[in-house]
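Asker: Residue numbers (full-length UniProt numbering), protein chains in the order written: chain A, 1 to 142; chain B, 1 to 142; chain C, 1 to 142; chain D, 1 to 142.
Hints were generated in silico from the structure; no laboratory data involved.
Hints should not be assumed to be uniformly reliable.
No copy labels: a pair is met if it fits in one copy or bridges any two.
As the list claims (entries may be wrong) - Straight-line C-alpha distance at most 30 Å; calculated DSBU-like pairs for lysine-lysine:
1. Lys71 with Lys107
2. Lys105 with Lys26
3. Lys105 with Lys71
There are 4 protein chains.
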Amino acid sequence: MAEISLRKARMIIRGILAKGREMELKPLSVVVLDTGGHVKAFEREDGAAPGRFAIAQGKAYGSVMLGMAGKAQMARAEQQAYFMAAVNGAYGGQVIPVPGGVLVKDKRGNIVGAVGVTGDTSDNDAEAAVAGITAAGLEAEA
Amino acid sequence: MAEISLRKARMIIRGILAKGREMELKPLSVVVLDTGGHVKAFEREDGAAPGRFAIAQGKAYGSVMLGMAGKAQMARAEQQAYFMAAVNGAYGGQVIPVPGGVLVKDKRGNIVGAVGVTGDTSDNDAEAAVAGITAAGLEAEA
Amino acid sequence: MAEISLRKARMIIRGILAKGREMELKPLSVVVLDTGGHVKAFEREDGAAPGRFAIAQGKAYGSVMLGMAGKAQMARAEQQAYFMAAVNGAYGGQVIPVPGGVLVKDKRGNIVGAVGVTGDTSDNDAEAAVAGITAAGLEAEA
Amino acid sequence: MAEISLRKARMIIRGILAKGREMELKPLSVVVLDTGGHVKAFEREDGAAPGRFAIAQGKAYGSVMLGMAGKAQMARAEQQAYFMAAVNGAYGGQVIPVPGGVLVKDKRGNIVGAVGVTGDTSDNDAEAAVAGITAAGLEAEA
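Chain A on its own, in the form it takes in the complex:
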């Protein structure tokens, strides 16, 4: 599997939203990007703020474009804020370097896409992301 299918993308989103309800999180927004950083699927729950698409996308976009998930990006931003700022310049301001951006891999470890979740705390966003990806039979790197 070189590229995530729409069927899998839907499974991931439904799994994440189900996990969010189970954890009693605030309304979530979830994007699934392909290996080129392009949107495959997105859903924003009722009650979520209108601007959440850009935040979800920014978490996933940086993950897939750098091959580095949100937690690693945040660590780098804490150490070298100017580096992540410069990355954002190069990427047109599309990167949100915090947890909730999660790489999606197949069973052989190949990256097949990335997920971005936003709406609750960054750590809760990431936890829900991992649960949904795992439930869809894929591997998550948060």
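Add chains B, C and D to chain A, keeping to what the hints say.
Answerer: Chains B, C and D in isolation, oriented as in the chain A frame:
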């Protein structure tokens, strides 16, 4: 219903994709925007080109921001190309003024969002959009 | 009077909206810019599409920045579309070169600002603009 | 009330400007945005600097797009400067994360828009905003 719900947005997307298969169209990409032009849901079928999100969004965005669906935008562009070009400048280049951008209204005629469909001919995109919106129990203005 | 006052800007907007209701136009959006092209006041009537601020501003902005009202801009665009496109490049895409952009002058003929009206046909937008500016005791160049 | 009306927007602006005069603040600029972040009404008092529209809008825009008022945005910026910088990249540089951006809610707690006030200290801007929103019979979250 002042704002389209995620449940309705999903129904619209599924209806449009079903219609696309029935019409034997090329793989479609479908976005549902809220009344402020913000993404509520999106799906891109397997086999569709990676850049289709922006085209779908551009069709729907102009529709909701101007309160004028794709066919009316195209007519205006045919008459006054410089006007639609100028509108696009004002909207940051986000408008695609062709059929496939469709306003979604409730039974009382209030706009509750907009749909953008891309992948086949613009007219086929618009036909599938109308079918999906109607199947979800809402009114379409193409 | 070198610069339009907020009191006069309010009078202009109220006069235009009153004229719009008298003419039975669609819901209007009206901006008043100062002599530097900066927003002094704006109102969008209930039922107008959400993106109307940018259209109103674009009509007024080109008027004041070029010292040329909407009708003259449109004539130029009809003759030399590439010229108005180039102007828009220079002005960051902020110009909408159609009627409804109207210069506001004091009794001695000095420009004190510009008005942008959008919502109905461009000609009706311009007619309402002139009526409101005149009712506020100022001169209009449409 | 799903969306703020022009009548309410005017009441809010007048209330804020009245409060500003009562507090003897510097000239204020006040924007009211709808739930999609689009301008509903704006006024800039005589004597205010020309660029105040963008500052007022930036305070209100971030509030409504993130569903998080100016004080909460400032707290986040103090803790994680790179996060708010990244959010701003995703939102095209339109966010001003300081007090004076205030969410407007109806009596049931639904967000119906946002207000941005600028001209004096951020805290004074926010105090005037809350006073004007409350005087218009709505709820404020600063």
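Asker: Work down the list of hints and note, for each, if the structure agrees.
Answerer: Structure-based check of each hint:
1. Lys71 with Lys107: within (21 Å within a copy, 39 Å between copies)
2. Lys105 with Lys26: Close inside one copy (27 Å) and across copies (18 Å); limit 30 Å.
3. Lys105 with Lys71: Intra 16 Å, inter 34 Å, cutoff 30 Å: intra-copy only.
The structure shown violates none of the earlier numbered hints.
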